[in-house]
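There are 2 protein chains.
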Amino acid sequence: MARFREKVHGVTERALPETVGVILAAGSGTRLNHGPKPLKRVAGRALLERAVETLRLAGVGPIVVVVGHAKEEIERYVAATGLEVELVLNGDFQLGNGSSALVGGRAAGRRFLVTMADHVFEPDAVRKVLTSPAAFALAVDTRPGFCDVEEATKVRLEDGRVVAVARQLDPCDGVDAGLAVCDPEVVFAAERALAEGEGSWNAVKQRWLAEGRELAAVDLAGSPWVDVDTPAEAARAERLLVRRAARGRSDGLVSRRLNRYVSWRLSLLFLRAGFTPNAVTGIGFGLTLFAAGVLALGAESPAALVAGGLLVQLASIVDGCDGEVARASLRASLRGAFLDTVLDRVGDAALLVALALAAGGGTSAWIVLAPALVATALVPYVKASFEATFGRPLPPPAVRVRFGRDARLLVIALAGVAMQPLAGLAVVGALSLLEVANRLAPAWRASAG
Amino acid sequence: MARFREKVHGVTERALPETVGVILAAGSGTRLNHGPKPLKRVAGRALLERAVETLRLAGVGPIVVVVGHAKEEIERYVAATGLEVELVLNGDFQLGNGSSALVGGRAAGRRFLVTMADHVFEPDAVRKVLTSPAAFALAVDTRPGFCDVEEATKVRLEDGRVVAVARQLDPCDGVDAGLAVCDPEVVFAAERALAEGEGSWNAVKQRWLAEGRELAAVDLAGSPWVDVDTPAEAARAERLLVRRAARGRSDGLVSRRLNRYVSWRLSLLFLRAGFTPNAVTGIGFGLTLFAAGVLALGAESPAALVAGGLLVQLASIVDGCDGEVARASLRASLRGAFLDTVLDRVGDAALLVALALAAGGGTSAWIVLAPALVATALVPYVKASFEATFGRPLPPPAVRVRFGRDARLLVIALAGVAMQPLAGLAVVGALSLLEVANRLAPAWRASAG
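Chains A and B, in that order, are what the protein sequence lines are. Residue 90 in our numbering sits at position 109 of the first sequence, and the numbers go up by one each step. Residue 142 in our numbering sits at position 161 of the second sequence, and the numbers go up by one each step.
Looking at chain A on its own, in the form it has when it is part of the complex:
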């Protein structure tokens, strides 16, 4: 069930489709050692791909990518991955990213959003900037918590406007987050700045201010974003993304209070090894079946029972990784959630049968197994059936402590470690029955009329 509730993350919102995305990917990016910076993989996705996907999820499109340095590699990457973007070349990229914004803005031909290929944002931050009606609006961060403030461009604010912007600025109210939304006239300001020999993006903002125009500020305070310049920053961005993905879990208490602190580290490993979310789902399912096999041997050997119990908890932790990997790599999908939930049902049943076998497989074990299997299957069925029938989420249960899959697997793991398979089976069955009642009561009330 770990990926079940995240469905909204897989849906593309196209709130403002008229805004073109302009991703600046022309700089030289000398500080990251392996290949061009836009192609650096961070949490399973190249920075450029991540920027494209972030804009797409925020409803921005079409998307223009301005290239210069390492344009052949980027072109090859875009062709190989089938990324839906228009590549535009800035032959004078050495003049600065202001010239790249100019080239991108010209290609856009209408209102556009400028972002840097080496900046990692969440789609919500992009959506927030898009809401500004100003001719030129800058995303700023008055509480920068994740970037290198020393290296960042600073801003001074007054009444929600930027009044000064520069690398060195004292006093200052925040930093420039590297995300802006611009009307076409910003292109002309960039042209005038360039005509005076100023090719940086900061110079365009300064020129705009010098011309007495309003530069609106949209404060991202609270939303994490990272400017990836060094390998250390890449690693920091990766950890940040995976931990945020782990916090995004909406499943039970055991997941949130226990498994999460281990699962995000595993998810980081999976991402670095290049696993897709569905591959991680498969690994978790395989581990569950393996744990069930070891647990079943518990009838012969107490050590197998204990080992099986430990493996069950490991499988439970890995069960949460698919969703974390999916969210961190912007690959959450309904299909993945569906695959996960069907495999979870098979895994649940395998573990319960294993407990019965571990308990010796006698009549008493089978008599406890049958209702436990039924009750365990009913818990997710009540939810799925309610949602399928009424087309809305199951209302929150009366007792907030839910006996979901994470708690079920913990009970099974403890039953193995404590060498009490039959008692574990009985507890799972009884608590599942209570959980069925706990879900049915509000479902029944909510379905009135």
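Simulated from the structure, these hints should not be mistaken for laboratory data. In this text the structure is predicted, and so the values were computed from the model without any measurement. One or more hints might be untrue.
Residues of chain A placed beyond 12 Å of chain B at every Cβ, according to the derived structure [to be verified]:
#1 75
#2 260
#3 415
#4 427
Quick look at which bits of chain B chain A covers, simulated, 3 or more residues with Cβ under 8 Å [what the hints assert, rightly or not]:
#5 323 to 332
#6 337 to 351
#7 367 to 380
Each residue gets a CB set at the ideal place from its N, CA and C atoms; glycine is no exception.
Given chain A, work out where chain B should sit, using these hints.
Chain B only, in chain A's frame:
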């Protein structure tokens, strides 16, 4: 699952909310012996209540009911049942139903739909008439199959218009179905007809034609409707409604080709006895548990096994009655469908456990039971989970012969009658597994991208 797919029937469509419904319930209705005709129960609902519900489901509202004869009884009934209608008295109802249409049309004050309290229509027929843009449109039936043509008003048609309307008409092209949609000006035509001493509804149509106005015809050909004048017609309407409700089933082959021919007769009995759909669901569930109990005794007595098998098939037939009763009495609800599907899961499990017990409850029985329970639970889970996740129906499976609940219960029943509980369990498990694959394959394809 019997009521699961009918969800759309419970949803009120308000496509044309500006049309007021006018139900003529003022006539004396002398030919039905028990009480006023509008209160005669047909398939679980009083004719008046059924007319109101039909209009409501077709999106007509608010609703005006014109009363005259037996107005106190109708008033009491409306108060007791909380029917949301405005009662309007026609003191001169003896002048004819044209005078009642006049009173109702005046109360409506805008475009209105006229129907008779003693006519049974399907909501689709009402929706069809509502689509006419004409100032005055009549529902006609060029292929009357369910009414007494001798008694009916005939119409002559030309280019989709009614050119003549009368009780005696030769040649004629069809009959007047007693459903019309009218602009307020029809009220004035009724006033002029009445001023000349013509109080019938037919006189209003004739006057309209005599004034050279267009009377549009909407052909209901194919849609069943009944004018309930005699006890025989009431019984015929009842049978028609229940058989149509039974044909409306969308479940498996066993239901449609076998159970339906018995279930509609049982549904008729349930409706006549005044059972609600949920009560019938409860009866079916109780019968399933009883059948499981008898089946389980099969370990002791072969006769119990055979009796249990027969009871299972009876329970399967009754399982379809709740949906038929709900549709025939216009009481289909999502809540009922949800209740039904959750109880079905418990009933399924009880029957499988009963088969295992009947097989002697030995290790071999339990080893076959566990996967059978899991596979049986997965069949509906795959569907519910797909629909909950994607918010759309599960695509049709590759193999059209589905192994749903109806087929499952037939196998269990045959296993009982053939005294082969273990083989039955194995067959249910194996076919359910195949059905899971049969549902997963198209689900997986449909979830791409």
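Hints versus structure:
| no. | hint | in the structure |
| --- | --- | --- |
| 1 | 75 | holds, 40 Å |
| 2 | 260 | holds, 16 Å |
| 3 | 415 | holds, 15 Å |
| 4 | 427 | violated, 9 Å |
| 5 | 323 to 332 | holds (count 4) |
| 6 | 337 to 351 | holds (count 6) |
| 7 | 367 to 380 | holds (count 6) |
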